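Please work from the sequences and hints to get the whole structure.
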Amino acid sequence: MTATLIWILVALVAIGLYLSWTAGRLDRLHARIDAARAALDAQLLRRASVAQELATSGVLDPAASIVLYEAAHAARQAEEEQREVAESELSQALRAVFAEAPQVEAVREAPGGEEAARELTEAVRRVPMARRFHNDAVRAARALRRHRKVRWFRLAGHAPFPLAFEMDDEPPTALTDRAA
Amino acid sequence: MRIGIVCPYSWDVPGGVQFHIRDLAEYFIRLGHEVSVLAPADDDTPLPPYVVSAGRAVPVPYNGSVARLNFGFLSAARVRRWLHDGEFDVIHIHEPTSPSLGLLACWAAQGPIVATFHTSNPRSRAMIAAYAILQAALEKISARIAVSEYARRTLVEHLGGDAVVIPNGVDVDFFAKADPNPDWQGDTIGFIGRIDEPRKGLPVLMRALPKILAARPQTRLLVAGRGDEEEAVQSLPAELRSRVEFLGMISDQDKARLLRSVDLYVAPNTGGESFGIILVEALSAGAPVLASDLDAFAQVLDQGAAGELFTNEDADALAEAALRLLEDPARRAKLRDRGSTHVRRFDWSTVGADILSVYETVTAGAAAVAADERAGGGGSGLRARLGLARD
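From first to last, the protein sequence lines stand for chains A and B. Following the numbering used here, the numbering of the first sequence begins with 467 at its first residue and continues without gaps. Following the numbering used here, the numbering of the second sequence begins with 175 at its first residue and continues without gaps.
These are calculated hints, taken from the structure and not from any lab test. Fair warning: this is a prediction, and the values are worked out from it, not measured in the lab.
Computed from the model, here is a short list of chain B residues facing chain A with C-beta under 10 angstroms:
1) Gly334
2) Val532
3) Thr535
4) Ala538
For every residue, glycine included, the Cβ atom is placed at its ideal position computed from N, Cα and C.
What follows is the structure, given as structure tokens:
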């Protein structure tokens with residue numbers, strides 16, 4: 467009788483430890499998503515800022531300036547629900563404006579343009595990176611949260627179900643082609 | 175930035191991953207970052223000042239061959255001490271899925287972790303069994319890097335998730351500025367790689383050689399690499415054997431000179447390549463390249479624009495393509511030009527900056543690396559292991 471009780475107790479403790487370990491894993495994943503999301507936000511904001519700076523600098527022709535300014539402004543001001551669309555539109559605008567290598571050259575030749583072109587190149591390279599890291603974290607968390615043990619014991623608590631950030635982040639070819 | 179790099183393979187044995195880590199560490203040190211590399215090494219090997227030894231690697235049978243790995247209580251303790259003393263802003267683990275230091279570091283650390291996946295091994299039985307354990311360790315990685323689009327695809331299929339592609343780096347100018355050696359010039363074909371490793375493809379080249387020599391008897395084949403030379407030429411008719419010169423193991427300097435000297439570099443590898451650093455080195459030296467059409471090679475050679483491709487394991491196709499190139503100096507000159515511009519994207523200045531971008535992306539807003547208490551020693555370690563056993 468006592469032996470059975472002890473065994474049940476041991477089993478319960480083991481299960482408890484296991485669940486607490488899983489909850490810890492989940493907690494770490496949520497923290498990772500938060501950090502990745504913050505990094506993604508920072509990169510998106512940086513990209514929009516550089517784009518807006520370029521649009522208002524007078525280096526680009528008026529039509530390109532307006533297109534770029536509109537898109538950058540919309541991306542910075544977008545509500546959370548429209549964010550993915552607005553950022554995708556900024557990617558498209560950047561691709562349209564910097565479709566040709568001479569345009570990038572023109573920016574570089576302007577005073578302070580070298581710096582701006584470098585910043586923009588960095589920004590369009592880092593946005594897809596940050597987004598991939600974010601979505602990778604989201605996938606890992608979702609995989610764990612779908613698991614029975616997590617659902618039955620509500621290990622995720624009140625944390626919202628993580629969502630991937632989907633957008634068009636293809637950089638302009640003239641900026642990424644560094645072979646030259 | 176304080177950067178910790180974990181090398182899974184023994185520092186005493188030369189290899190692609192080790193060279194990559196050495197160059198990466200030296201690149202960051204030149205930029206003024208603080209770098210510490212944790213690597214398995216014998217106690218009496220002289221190590222560069224930035225390398226910390228994690229003890230001697232033990233040869234164990236793993237995944238079909240004998241691998242030199244680090245694991246067990248002592249290694250785990252060394253990893254923890256290194257993490258604790260280093261106070262890194264970011265740690266960069268290479269090959270986190272190999273049951274060695276990489277996995278141990280992944281297990282023991284928390285904070286911004288970057289991991290590079292070099293090989294694209296098909297999923298092994300052991301990996302499937304260990305999947306649950308791996309998953310718990312791998313989900314700590316904040317950023318994954320694959321060395322090629324091909325490696326990324328394998329990674330996504332086997333482990334899920336995603337990765338950014340950053341190729342391996344090469345010091346392009348080191349190869350571009352090497353002096354050609356006159357002894358190795360004049361109708362020469364180059365091959366660099368282990369002679370006794372069939373996947374490096376020397377047997378395919380040996381099968382193609384009679385046909386090449388029949389059309390161009392003055393051609394010489396220069397082979398650099400470790401292995402049994404007698405055995406390598408066994409398939410060749412005796413009178414042709416004098417056209418093959420074995421250079422044995424050569425230094426980096428001589429490798430660059432060899433690549434600068436040859437008229438054609440042939441990479442007949444039959445598989446198991448996830449990147450193809452040797453092709454990048456050949457392109458850097460301005461050697462026209464002819465390679466088998468492996469996925470990884472096709473990508474490095476820009477789908478055939480920066481170097482020619484032939485059907486994998488087809489000796490006739492190899493001979494034909496080699497003859498066509500040897501007889502056409504204009505085409506070779508064009509390939510040289512194309513290769514030299516194409517290869518710039520693999521230079522350390524580009525690759526290093528990309529890797530640094532990854533570090534900066536994951537460290538933005540995150541705390542520094544620390545030893546993970548949950549995976550710690552004593553009672554909590556037991557708890558972790560109990561949890562693992564039941565996962």
